[in-house]
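Visitor: Here is how the chains run, residue by residue.
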Amino acid sequence: MAGVMTLVLGGARSGKSRHAEALIEAEAAPWAYIATAQAWDEEMRVRISEHRVRRCEGWQTIDAPLDLAAALATPHPALVDCLTLWLTNLMLGEHDIAAATVALESALADRMAPTVLVGNEVGLGIVPDNALARRFRDEAGRLHQRLAVRADNVLFMVAGLPMRVK
Amino acid sequence: MAGVMTLVLGGARSGKSRHAEALIEAEAAPWAYIATAQAWDEEMRVRISEHRVRRCEGWQTIDAPLDLAAALATPHPALVDCLTLWLTNLMLGEHDIAAATVALESALADRMAPTVLVGNEVGLGIVPDNALARRFRDEAGRLHQRLAVRADNVLFMVAGLPMRVK
Amino acid sequence: MAGVMTLVLGGARSGKSRHAEALIEAEAAPWAYIATAQAWDEEMRVRISEHRVRRCEGWQTIDAPLDLAAALATPHPALVDCLTLWLTNLMLGEHDIAAATVALESALADRMAPTVLVGNEVGLGIVPDNALARRFRDEAGRLHQRLAVRADNVLFMVAGLPMRVK
Chain A
0 MAGVMTLVLG GARSGKSRHA EALIEAEAAP WAYIATAQAW DEEMRVRISE HRVRRCEGWQ
60 TIDAPLDLAA ALATPHPALV DCLTLWLTNL MLGEHDIAAA TVALESALAD RMAPTVLVGN
120 EVGLGIVPDN ALARRFRDEA GRLHQRLAVR ADNVLFMVAG LPMRVK
Chain B
0 MAGVMTLVLG GARSGKSRHA EALIEAEAAP WAYIATAQAW DEEMRVRISE HRVRRCEGWQ
60 TIDAPLDLAA ALATPHPALV DCLTLWLTNL MLGEHDIAAA TVALESALAD RMAPTVLVGN
120 EVGLGIVPDN ALARRFRDEA GRLHQRLAVR ADNVLFMVAG LPMRVK
Chain C
0 MAGVMTLVLG GARSGKSRHA EALIEAEAAP WAYIATAQAW DEEMRVRISE HRVRRCEGWQ
60 TIDAPLDLAA ALATPHPALV DCLTLWLTNL MLGEHDIAAA TVALESALAD RMAPTVLVGN
120 EVGLGIVPDN ALARRFRDEA GRLHQRLAVR ADNVLFMVAG LPMRVK
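Chains as they are written, first to last, in numbering that gives the first Met the number 0: chain A, 0 to 165; chain B, 0 to 165; chain C, 0 to 165.
A portion of the hints provided could be inaccurate.
To be verified - Some but not every residue of chain A turned toward chain B, in silico, with C-beta under 10 Å:
hint	residue
1	LEU6
2	ARG46
3	LEU91
4	ARG163
For the record, the hints were derived by calculation from the structure and aren't laboratory data.
The beta-carbon is built from N, C-alpha and C at its ideal position, and this holds for glycine as well.
In isolation and in its complexed conformation, chain A is listed as follows (with noise of 0.2 Å):
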């Protein structure tokens, strides 16, 4: 039987990290943290090392700033966090988004034990002015709805309380 998949949804600080972490906590240990953010900046390194210090023991981070579908062959229940800085990432680097995400399918299909996947919601706002901007809030757009068909779960978040959509 394939591992359950659930896909965590919401804007910036409505808790979407602290809420998929309790999830993956709530499955046997030991669990995979797969990060994808890239520390460019101070900034980022402090941010990265307040998650790890967040996260008790039990946890093995996996870092995937690219390539998620290699991250997601480990057998242990797995939290990706997040696909928004990896779509980022994926962008930045001009690497094929379609190919990326045909690959992370076929991971997820053939994952064993359970998934959560967080990604940020950013197109509710008034359309940028910016033309990468648009084409980021397309793609992340187009990537939540092809992970939404093949997920479990799915979850807003509002003020740190999932709200389910699925």
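Given the structure of chain A, go ahead and fit chains B and C onto it with the hints provided.
Guide: Below, chains B and C without anything else, positioned relative to chain A:
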């Protein structure tokens, strides 16, 4: 008996149009596609043409960049795609939005067939610097509230999935 | 027994204030309207005055641009409108947000009458270019999460209609 009215709201690339099309296609054909988009530039022409290709047989397109009320006189199940571009056209053309809204409400009250209206939720980001953008999101919010009062169903789309608001 | 606490979140022009007023007006009068708005300019003065006119008899206005905790000492059902302007006032005045939040939480814990707090959801758009805007949406998100934990009801407004989050 009046036709059922459904308001489909959501962010960019949240699957609003696709879901709205499916709602109408569950009714007996033919179906009216009331298009508010104006092809200002090549990018827009491509986008409009892609939308047409996606829709299967049974759809009749009515272009209504400004006069939604007249277009809604069609006796067929009708999809208005979308309120956001209609409001943009009214604002850019300096038309009377209050009068156009009253005419729209009156046309909706006269509908005997099902109607689905699609609108972009744009008010959930940081307050825009741009005064026109601020006015636009105020107008859009007011319009959605007025239509939601008379709608039988209001849906909020997240990642291609509908959340029922009403 | 402590008074019921309700947190009403939503985007611009989503009908937050109107819904919050209706919740309080379902209680026995008099009602306290705790206003955090400061009339920096004419546009703001007009907006504030329009809000006052809309509210019917039975409302007592308490101005509290900064000291929400003191204003909440009122024994009457109280509406705080809104958290977003309060946070803006704290940030622009370089006040201690953490200390003010603790004081607010303590005042809320002491309430014996119902309390409704209104806040703008601002984290669902593209990451703002502006560093102050980024910090603001982080602070707003954190504040909403902390209040949501202790709230009895959390509502997310869409087109004037409440979705129950908690």
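Visitor: Against each hint, give a clear statement of whether it holds in the structure.
Guide: Hint by hint, here is what the structure shows:
1. LEU6: holds (7 Å)
2. ARG46: It is violated, given that the least Cβ distance between A:ARG46 and chain B is near 20 Å, above 10 Å.
3. LEU91: violated (20 Å)
4. ARG163: Result: holds, 9 Å to nearest chain B Cβ.
Violation of the numbered hints given earlier is confined to hints 2 and 3; the remaining hints are satisfied by the structure.
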